[in-house]
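Each chain, letter by letter, is given below.
2 protein chains.
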Amino acid sequence: MNEFELVKKYFSRLSKSNTSSLNLNDDVFFDKSKSIVVSIDTYVEGTHFIDFRKPELVIKKIIRSSISDLICKGVDPKYYFISGSGNSKSFSSSNLSKISKSLSQEQNKYKIHLSGGDTVYSNKLSFTITSVGFSKKIILRNKAKFNDDIYVTGNLGDSFIGLNILKKKIKVNNFLSTYFVKRYYQPILFPKLTKKLLDFANTSIDVSDGLVSDLEKLINKQKLSYKLYMKKVPISKNLQKLIFLKKLKKEYCVTQGDDYQILFTASPSKSRIIHKTAKSLSIKISKIGKISTSILKSEIFNQNGEKIALKKQGYYHKF
Amino acid sequence: MNEFELVKKYFSRLSKSNTSSLNLNDDVFFDKSKSIVVSIDTYVEGTHFIDFRKPELVIKKIIRSSISDLICKGVDPKYYFISGSGNSKSFSSSNLSKISKSLSQEQNKYKIHLSGGDTVYSNKLSFTITSVGFSKKIILRNKAKFNDDIYVTGNLGDSFIGLNILKKKIKVNNFLSTYFVKRYYQPILFPKLTKKLLDFANTSIDVSDGLVSDLEKLINKQKLSYKLYMKKVPISKNLQKLIFLKKLKKEYCVTQGDDYQILFTASPSKSRIIHKTAKSLSIKISKIGKISTSILKSEIFNQNGEKIALKKQGYYHKF
Chain D
1449 MNEFELVKKY FSRLSKSNTS SLNLNDDVFF DKSKSIVVSI DTYVEGTHFI DFRKPELVIK
1509 KIIRSSISDL ICKGVDPKYY FISGSGNSKS FSSSNLSKIS KSLSQEQNKY KIHLSGGDTV
1569 YSNKLSFTIT SVGFSKKIIL RNKAKFNDDI YVTGNLGDSF IGLNILKKKI KVNNFLSTYF
1629 VKRYYQPILF PKLTKKLLDF ANTSIDVSDG LVSDLEKLIN KQKLSYKLYM KKVPISKNLQ
1689 KLIFLKKLKK EYCVTQGDDY QILFTASPSK SRIIHKTAKS LSIKISKIGK ISTSILKSEI
1749 FNQNGEKIAL KKQGYYHKF
Chain L
1449 MNEFELVKKY FSRLSKSNTS SLNLNDDVFF DKSKSIVVSI DTYVEGTHFI DFRKPELVIK
1509 KIIRSSISDL ICKGVDPKYY FISGSGNSKS FSSSNLSKIS KSLSQEQNKY KIHLSGGDTV
1569 YSNKLSFTIT SVGFSKKIIL RNKAKFNDDI YVTGNLGDSF IGLNILKKKI KVNNFLSTYF
1629 VKRYYQPILF PKLTKKLLDF ANTSIDVSDG LVSDLEKLIN KQKLSYKLYM KKVPISKNLQ
1689 KLIFLKKLKK EYCVTQGDDY QILFTASPSK SRIIHKTAKS LSIKISKIGK ISTSILKSEI
1749 FNQNGEKIAL KKQGYYHKF
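These protein sequence lines map, in sequence, to chains D and L.
Residue numbers 1449 to 1767, in the numbering used here, belong to the letters of the first sequence in order.
Residue numbers 1449 to 1767, in the numbering used here, belong to the letters of the second sequence in order.
None of these hints come from the bench; they were simulated from the model.
Note that this is a predicted model, so its numbers are computed, not measured.
Among the clues, some could well be false.
Note that identical chains are pooled: a pair holds if it fits in a single copy or bridges any two copies.
[To be verified] Computed cross-link-like contacts, DSS-like style, restricted to lysine-lysine with a CA-CA straight-line distance of at most 27 angstroms: (1) K1509 <-> K1457; (2) K1457 <-> K1557; (3) K1480 <-> K1724; (4) K1509 <-> K1572.
Please take these sequences and the hints and turn them into a complete structure.
In structure tokens, the structure reads:
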């Protein structure tokens, strides 16, 4: 049973009386009466980050992953809390000093503030990050409309390549290695887009588990299907080069997650304003598919326009 | 270096620009402008709870420990979030069902609602609980006044005995075993007292690390000292009996923490209202000491009125 089904089965009834909790079917908690939005995620060494040899980079990755949950919903993150479990090696003075410096840089970049947290002893390293923002309105899941266009920001797949370089499963030259590893540790978020999203997105999610997996989560409670065109999925020039050199499958590279790009749907009538917003903020926003009726099955088309079935649909935490 | 010093050294500068964060020198975060109060704590198996053989009890303990941070500040907890890291054994269907049932009982008891959380895979079991409440006013640390009386709610020491029974370090009959183990897993909180505290407490903390340790944390930034009378420290009849039977030291038993009782100071002029409140709510509130000037050293007096020095001042997470 995967994480999503687990939560659903055992815990959704506990939050039912609390109408503001979105019935645990979203990545964030929203209490409309207090205009508060909260995201909480736990990151475990070996599962969510490969090791702690670069604490300053791991911290950037998990902070961005956490605030990404708010940003993709149209909510500016305001504070964050960090709880670390680890041993004396993980939390050595040298590491703490690196973590602190790194947090300071992220604070300046994203205008967020450390508001608390604790450190506890454990032989297994993990962090829980809580991000809090305030907003009267947020973009929810499961609000896609029939005939909506499907969009994604930035590029997908770079982070997955970075991870595989770190795991020594892919060998590339120094230049490419630096590029991809940077994208793994420091995904590019678009805080400037946050509030604008409210103008056009019907529903949204950030791509953390994987493009297809997250698209399915986005509309999981709706009687809808989708058409997804791999040819339209945006990738970086460097990934384009690598796919050619290493004979990789694009549809595989772009569906492995950890991208932290914003996946959203919008009415075709919003096409113009989305184009304008993208241009004025210099943010790449690509139309990659279409929402369809539930009479049809969801379809994915590869680079050559052929219908394909993906074997591994992104990433669930298996128990 | 202990947890408190660590946080202070490396992270306090990160929260300085954020005046609402109490500079990380409190157990809760308070944003006055939003009237929001947040407490986050991580509980690791082997450190904060001994094992997971009774998941339904461990869950009660950690939920109470978390909301206790809010209750002792005069804030009613409203929602909570739970993030669990563990393996398939810890999160088996049977355990999840027990956890869910237990959470449901706690929700009814304390009028709180599950608002989110996640489960991730880890070979080390831990939980991070986030509790959120709303209040325009909270009782802060370091607001004791010279000549304040020091009070504590309920009884101290039972939880520590319960822990030692579970660890098989103390052997008692079934009746006593059930009693003390229950107090270890299910500390008695006083939610009815929460809002009343605002009427008389100058400063407060919950006793989690240990009576003396928490008293020192309570006034750590103030130029004050204290006098603490062990004779006045409230204990249960069962603990009184056990101390007699096993020739235990009361001052040791009541300073080991995990009690989740409220330790607060109040002006002597509030003595009457405190007495009245205690009586009307049927809550034991005991005067156990006095706040004094920093010219004097803090003093602890044992059962016979003799000045003593405690060797182990409660519980810090060592790194």
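Results for each hint:
In this assembly of identical chains, K1509 and K1457 lie within 27 angstroms of each other by CA distance solely across copies; the values are 23 angstroms between and 30 angstroms within a copy. Proximity of K1457 to K1557 under the C-alpha cut-off of 27 angstroms is restricted to the inter-copy arrangement: shortest distance 23 angstroms between copies versus 39 angstroms within a copy. For the identical chains of this complex, K1480 and K1724 are neighbours neither inside a copy (30 angstroms) nor across copies (39 angstroms), given an alpha-carbon limit of 27 angstroms. For a Cα distance limit of 27 angstroms, the shortest separation of K1509 from K1572 qualifies both inside one copy, at 18 angstroms, and across copies, at 22 angstroms.
Comparing the model with each earlier hint shows a violation of hint 3 alone; every other hint is respected.
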